[in-house]
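The whole structure should be built from the sequences, with the hints applied where relevant.
As you go down the protein sequences, you meet chains A and B in turn.
Sequential numbering from 1 applies to the first sequence in the working numbering.
Sequential numbering from 1 applies to the second sequence in the working numbering.
Worth flagging that the hints you see were computed from the coordinates, not collected in a lab.
It should be emphasised that the depicted structure is a prediction, and the values quoted were computed from it without experimental measurement.
Built from N, CA and C at the ideal position, the CB exists for glycine as well.
Any given hint could turn out to be false.
[Unchecked claim] Far from chain A by the CB rule (all over 12 angstroms, computed), these chain B residues:
# : residue
1 : Lys17
2 : Gln103
3 : Gln246
[What the hints assert, rightly or not] Derived CB-CB ranges, DEER-like:
# : chain 1 : residue 1 : chain 2 : residue 2 : range
4 : A       : Pro58     : B       : Glu42     : 24 to 34 angstroms
5 : B       : Arg52     : A       : Asn13     : 30 to 40 angstroms
6 : B       : Asp228    : A       : Thr76     : 48 to 58 angstroms
7 : B       : Asp273    : A       : Pro58     : 50 to 60 angstroms
2 protein chains.
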Amino acid sequence: MMAHRIDALQYANWSEKIFRQMREGGVDAVHVTIAYHEVFRETVLNVEAWNRWFQAYPDLIFHGRTGDDVRLARETGRTAIFFGFQNPSPIEDDIDLVEIWHQLGARFMQLTYNNQSLLATGCYEDDDTGLTRMGRQVVAEMNRVGMVVDMSHSADRSTLEAIEYSSRPIAITHANPADWHPARRNKSHDVLKALTDAGGMLGFSLYPHHLKGGTDCTLADFCTMIADTAERYGVEYLGIGSDLCQDQPDSVVTWMRNGRWTKAMDFGEGSADNPGFPPQPGWFRDNRDFPNIAEGLIDAGFSPDEIDGLMGDNWLRFFDRSFGSADG
Amino acid sequence: MMAHRIDALQYANWSEKIFRQMREGGVDAVHVTIAYHEVFRETVLNVEAWNRWFQAYPDLIFHGRTGDDVRLARETGRTAIFFGFQNPSPIEDDIDLVEIWHQLGARFMQLTYNNQSLLATGCYEDDDTGLTRMGRQVVAEMNRVGMVVDMSHSADRSTLEAIEYSSRPIAITHANPADWHPARRNKSHDVLKALTDAGGMLGFSLYPHHLKGGTDCTLADFCTMIADTAERYGVEYLGIGSDLCQDQPDSVVTWMRNGRWTKAMDFGEGSADNPGFPPQPGWFRDNRDFPNIAEGLIDAGFSPDEIDGLMGDNWLRFFDRSFGSADG
Numbered sequence: 001m002m003a004h005r006i007d008a009l010q011y012a013n014w015s016e017k018i019f020r021q022m023r024e025g026g027v028d029a030v031h032v033t034i035a036y037h038e039v040f041r042e043t044v045l046n047v048e049a050w051n052r053w054f055q056a057y058p059d060l061i062f063h064g065r066t067g068d069d070v071r072l073a074r075e076t077g078r079t080a081i082f083f084g085f086q087n088p089s090p091i092e093d094d095i096d097l098v099e100i101w102h103q104l105g106a107r108f109m110q111l112t113y114n115n116q117s118l119l120a121t122g123c124y125e126d127d128d129t130g131l132t133r134m135g136r137q138v139v140a141e142m143n144r145v146g147m148v149v150d151m152s153h154s155a156d157r158s159t160l161e162a163i164e165y166s167s168r169p170i171a172i173t174h175a176n177p178a179d180w181h182p183a184r185r186n187k188s189h190d191v192l193k194a195l196t197d198a199g200g201m202l203g204f205s206l207y208p209h210h211l212k213g214g215t216d217c218t219l220a221d222f223c224t225m226i227a228d229t230a231e232r233y234g235v236e237y238l239g240i241g242s243d244l245c246q247d248q249p250d251s252v253v254t255w256m257r258n259g260r261w262t263k264a265m266d267f268g269e270g271s272a273d274n275p276g277f278p279p280q281p282g283w284f285r286d287n288r289d290f291p292n293i294a295e296g297l298i299d300a301g302f303s304p305d306e307i308d309g310l311m312g313d314n315w316l317r318f319f320d321r322s323f324g325s326a327d328g
Numbered sequence: 001m002m003a004h005r006i007d008a009l010q011y012a013n014w015s016e017k018i019f020r021q022m023r024e025g026g027v028d029a030v031h032v033t034i035a036y037h038e039v040f041r042e043t044v045l046n047v048e049a050w051n052r053w054f055q056a057y058p059d060l061i062f063h064g065r066t067g068d069d070v071r072l073a074r075e076t077g078r079t080a081i082f083f084g085f086q087n088p089s090p091i092e093d094d095i096d097l098v099e100i101w102h103q104l105g106a107r108f109m110q111l112t113y114n115n116q117s118l119l120a121t122g123c124y125e126d127d128d129t130g131l132t133r134m135g136r137q138v139v140a141e142m143n144r145v146g147m148v149v150d151m152s153h154s155a156d157r158s159t160l161e162a163i164e165y166s167s168r169p170i171a172i173t174h175a176n177p178a179d180w181h182p183a184r185r186n187k188s189h190d191v192l193k194a195l196t197d198a199g200g201m202l203g204f205s206l207y208p209h210h211l212k213g214g215t216d217c218t219l220a221d222f223c224t225m226i227a228d229t230a231e232r233y234g235v236e237y238l239g240i241g242s243d244l245c246q247d248q249p250d251s252v253v254t255w256m257r258n259g260r261w262t263k264a265m266d267f268g269e270g271s272a273d274n275p276g277f278p279p280q281p282g283w284f285r286d287n288r289d290f291p292n293i294a295e296g297l298i299d300a301g302f303s304p305d306e307i308d309g310l311m312g313d314n315w316l317r318f319f320d321r322s323f324g325s326a327d328g
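Here is the structure:
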């Protein structure tokens, strides 16, 4: 049987078209971002929007909460949608909102987006002071209820401390090795070594700013990078986290980068000359192109079992052990 | 086997002492009020407080969501706590919050407290205009997700329209027949007839203002009233909803009555001379006294099966068919 296919990060401008493309690409589960800078009540509004989509398209999607929901998705020909935050703003200053959010189905939370948060330091700050006092308490609470610590946008020391402090494996849902492409959002060897040594997962990003050569990166380059990473850290800790932002207007990347925290314009990984979303590589336009990656992995020399793991089964094992309460 | 024992309304000043008294009284499930006038975020804070109690006293209480949780409570010697609102304030002006609240475990919502709400008219208003436009939409949404319409504090026309409009049986969780004691909060024959004809449930209140003779009402009077009501409407539609407000300071009854809607003082069922909580009758001080009611029902001539129903099994059947989604 084909592996379960999982994408560990997307933030598309959701529509029936995209849900149908998930089915075309055989994608059984997607971790979707439901908050960048939104506070609690605003993030609840985003859940409400998802609840309306679940009601409108019950034959295409449903709200996923457990690893078994990925299996149910496969069995029923649908895609399980898992909620996550790219910033801890939805818990505001209230640690008890971690459990409330777990009850509402959130399964991933980044301790920071690009900036300092109440919990840790983002990868664009000048100084990284590691986990804050509240950060340590919130990691313990996330461990207790079964919400995954995601450090995709965090700075190195904060990430290393989260790996060390967390009693359960953490994730970097969408980034690539900095040794391959030294983007600020890509991850150092030290981080990837500590992450995978602790049983954590890396999701390879297909966002052009994270790719060597950007939009022109070839499928072969991408899959060779995966092969090199597998050799260094172990194939079982690796999966896909595409960071696909399909059909979003450029105003959305401006919101991601600027939220409500600045009056000057922040261009993040872009620049004044190139402020918008970069075009996707031709071999990964959207969810329909997941089979291209599986083919590229064959050419990169992976075995069928390894490809099954990379395309989703590694994430599925991680989902199985991450989303339940620590008491079992 | 003894019936499952259910109290369909309490709003105590919760403590370990009270949770232990629930066990002493053999109470398997309690519907607890988590909002009087609180808006969405404030009510979430109340859930957070309950989550801390569930974590602190896992051997005494847990969060109930289904009828089977009442059975689990009995099997494990604990009390299942079901959440409900006495006012629709926790959904504010947002119908999609009904589903959010169901996800967070709320299972009952009154369409009004004493005043006009966005949904219907409360029993203290001069004019009752029935269900509002939003009220009809919200009843349909509550029917869809499995949240019980509770009309305990609503005016007659609004209650009759809710019974008529709701596709699923509704409840009056805590009130007595006005024919027995004509308090404003007690219910007319027309309402009780329509309620029970549609399969709905009445929970008998032990709040002194709802009792003939108030605090001095005897157990025999109370149980004779139950017998008369059973004869008129059918014993299977009846249970207990004690309205127990144990250990609350009088500031809480002031909050219940006044919320943030008035600058003058409203005394509700009390008066300037008698503004506080009235003392409970000696035979129903708190959860430990549920066995007294069961004994009183024997003396009132009920059969063992009927007593099982009145003490909780009627509510349990209602829970079984009310808390799941309408799609099954």
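**Message:** Please verify that the nearest CB of chain A lies beyond 12 angstroms from B:Lys17's CB.
**Reply:** Non-interface label stands for B:Lys17: nearest chain A Cβ at 23 angstroms, farther than 12 angstroms.
**Prompt:** Does B:Gln103 sit more than 12 angstroms from chain A, CB to CB?
**Reply:** violated (6 angstroms)
**Distance restraint hint 24 to 34 angstroms, applied to the beta-carbon atoms of A:Pro58 and B:Glu42** = holds (33 angstroms)
**Asked** So does B:Arg52 sit 30 to 40 angstroms from A:Asn13, Cβ to Cβ?
**Response** holds (39 angstroms)
**Request:** May I ask you to test the hint 50 to 60 angstroms on the CB atoms belonging to B:Asp273 and A:Pro58?
**Result:** Distance hint for B:Asp273, A:Pro58 holds at roughly 58 angstroms.
**Asked** Do B:Asp228 and A:Thr76 keep their Cβ atoms within the hinted range of 48 to 58 angstroms?
**Response** Roughly 53 angstroms apart at Cβ, these two residues keep to the hinted range, so it holds.
**Asked** When you look at the beta carbon of B:Gln246, is every beta carbon of chain A farther off than 12 angstroms?
**Response** It holds; B:Gln246 is separated from chain A by about 25 angstroms at its closest Cβ, greater than 12 angstroms.
Checked against the numbered hints given earlier, this structure breaks only hint 2.
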